[in-house]
Amino acid sequence: MKFLKTASLAILGTALAMGAASAQEKTIKIATEGAYAPWNFTGAGGKLEGFEIDLANDLCARMKVKCEIVAQDWDGIIPGLTAKKYDAIMAGMSITEERQKTIDFAGPYANSPNGFLVEKNSPLAKIPGTGEAYNLGTQQAAAEKAIEAYKPLLKGKTVGVQGSTIHANFADKYLKGTAEIREYKTTEAHDLDLAAGRIDIVLADATAIIGTLDKPEFKDYVMVGPSITGGLLGAGVGVGMRKGETELKKGFEDAIQAAKADGTIKKLTEKWFKIDLTPRS
Amino acid sequence: MDFAFMQEAFLRLISGVPLTLNLAFTSIAFGAIFAMLLALMRMSNLKVFDWPAQAYVFVFRGTPLLVQIFLIYYGLGQFRPTLDALGLWGFFREPYWCAVLALTMNTAAYGSEIIRGGLQSVPHHQVEAARACGMSGFLLFRRITFPIAVRQALPAYGSEVILMVKATSLASVITMMEVTGLAAKMISQTFRAIEVFIVAGAIYLVLNFLITRIIMAIEWWLSPHLRRPPAIEPRLEAAHV
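Which chain is which? The protein sequence lines are S and W, in order.
Take this note's numbering: the final residue in the first sequence is number 523, and no numbers are missing along the way.
Take this note's numbering: the final residue in the second sequence is number 295, and no numbers are missing along the way.
In short, the hints are calculated from the structure, not lab data.
The structure displayed is predicted, hence computed values, not measured ones.
All C-beta atoms in this analysis are idealised placements derived from N, C-alpha and C, irrespective of residue type, glycine included.
Please note that a few of the clues may not be correct.
Simulated restraints, written as ranges between beta carbons of each label pair [said to hold, decoys possible]: (1) K397(S) - T136(W): 23 to 33 Å; (2) G439(S) - V71(W): 49 to 59 Å; (3) G288(S) - H178(W): 52 to 62 Å; (4) G398(S) - W151(W): 12 to 22 Å; (5) G439(S) - E62(W): 31 to 41 Å.
Next comes chain S alone, as it looks inside the complex (with noise of 0.2 Å):
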């Protein structure tokens, strides 16, 4: 009997250490696409770059976890979230309704417009509404009479947009019937076809055609339109994770207040998008 309870105590000992231990070591994995730069991208040696990498490190050493960043195909991140392959998305995702059936968000941490990109020479690029904003859930009528004026130039024009994307709803709405909308798996990939002329223009994030606008093979593009926020464009991008997880959401809302607050997050969409940024809240 001694010799048992000795034993039990020992097991019950080392089964201790061993949660310590791993309490002491939580990791965190999040999972972004590594294809959206700038703010997620495989860069030159194939390492994660990026906003959002930038950031995941900040925020975790703010919540004193390890992270490991994976790369997740966009069109499988929610599933994966669900199927537990990770535990935290950050992978420029918006914050939508649609979305928060599913998954729990903590933030926003950012928040960008739409915008349109085409060639500068194109009939495309004389767009009315260049420089004006919009906020879709605020300011509906005035940003619906924006995208109602831009409408008759587009009429059987091809648009490219990122399948899964609260583009991919906003085209779906509002410009179905108008023009023909091509789906593309990347952003990298409706580039791609758009500088080959297979599509006339592309409607992206502002962000994304910004990292675009950097490379020397769309240095004739031009960004256009009205820059359109809210309502299905969603309340800004956030973490995305699964639905019940409250303690892992409080640590990144306070991890993502605290970056805001000091001026991380101006500092880092600053150094990757030359714009700020920062959610206001």
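Position chain W against the provided structure of chain S, taking the given hints into account.
Structure of chain W alone, referenced to chain S:
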């Protein structure tokens, strides 16, 4: 498992079936002609024909179809000025024709080997018998070699047809909204991968089931010697008694 949702998914995915079948059969039709040509080149015993055909089969059988699709679509897309000058850009501009081209080139490589196998397995004595009857050249090919070769090659070619129906799913990577493309879109809107992919898989299964039945029917029709003999024999025997 939510059956109401699966029904909704089925109704949406079924609208991609015409494009799936269109891609499969257009490329199989062009591919079969090309495959026949390649098989004849390989069997010509002339190095000028044999070697290019061998190289072609080696390259297209040895590389993944997905890579071929990417090369044709995005790769050639970067040579637009050259293609424009050649008057070919109108063709390569359309994702549909790029998909058909990639699928055709791929199936031609596999198909040519199947046809070559069929032609080589025609029993020599049957050809000799035909020659003894005075047939030669094209007449011999048309009446004896080709029909027997088709009969031999059909089961393998049937598998190739099924593989092609499934291969069309790769066209979704170049914006073609066939069954798999629509499934991916629907998953991205609902995040319910299991139900949607089960429905997509079931649609391919039904399509391929129908195709296997059709191929079996053609086999039956082409192989009279393998069918059960007609039921008139008992009566003949009775007459002898």
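Hint check results:
1. About 31 Å separates the C-beta atoms of K397(S) and T136(W), a value consistent with the hinted range of 23 to 33 Å.
2. Remark: the range hint 49 to 59 Å for G439(S) to V71(W) is contradicted by a beta-carbon distance near 31 Å.
3. For G288(S) and H178(W), the Cβ-Cβ distance of about 57 Å falls inside the hinted range of 52 to 62 Å, so the restraint holds.
4. The given range of 12 to 22 Å is respected by G398(S) and W151(W), whose C-beta atoms sit roughly 20 Å from each other.
5. One distance hint, 31 to 41 Å for the beta-carbon pair G439(S) and E62(W), holds here, with the actual separation near 37 Å.
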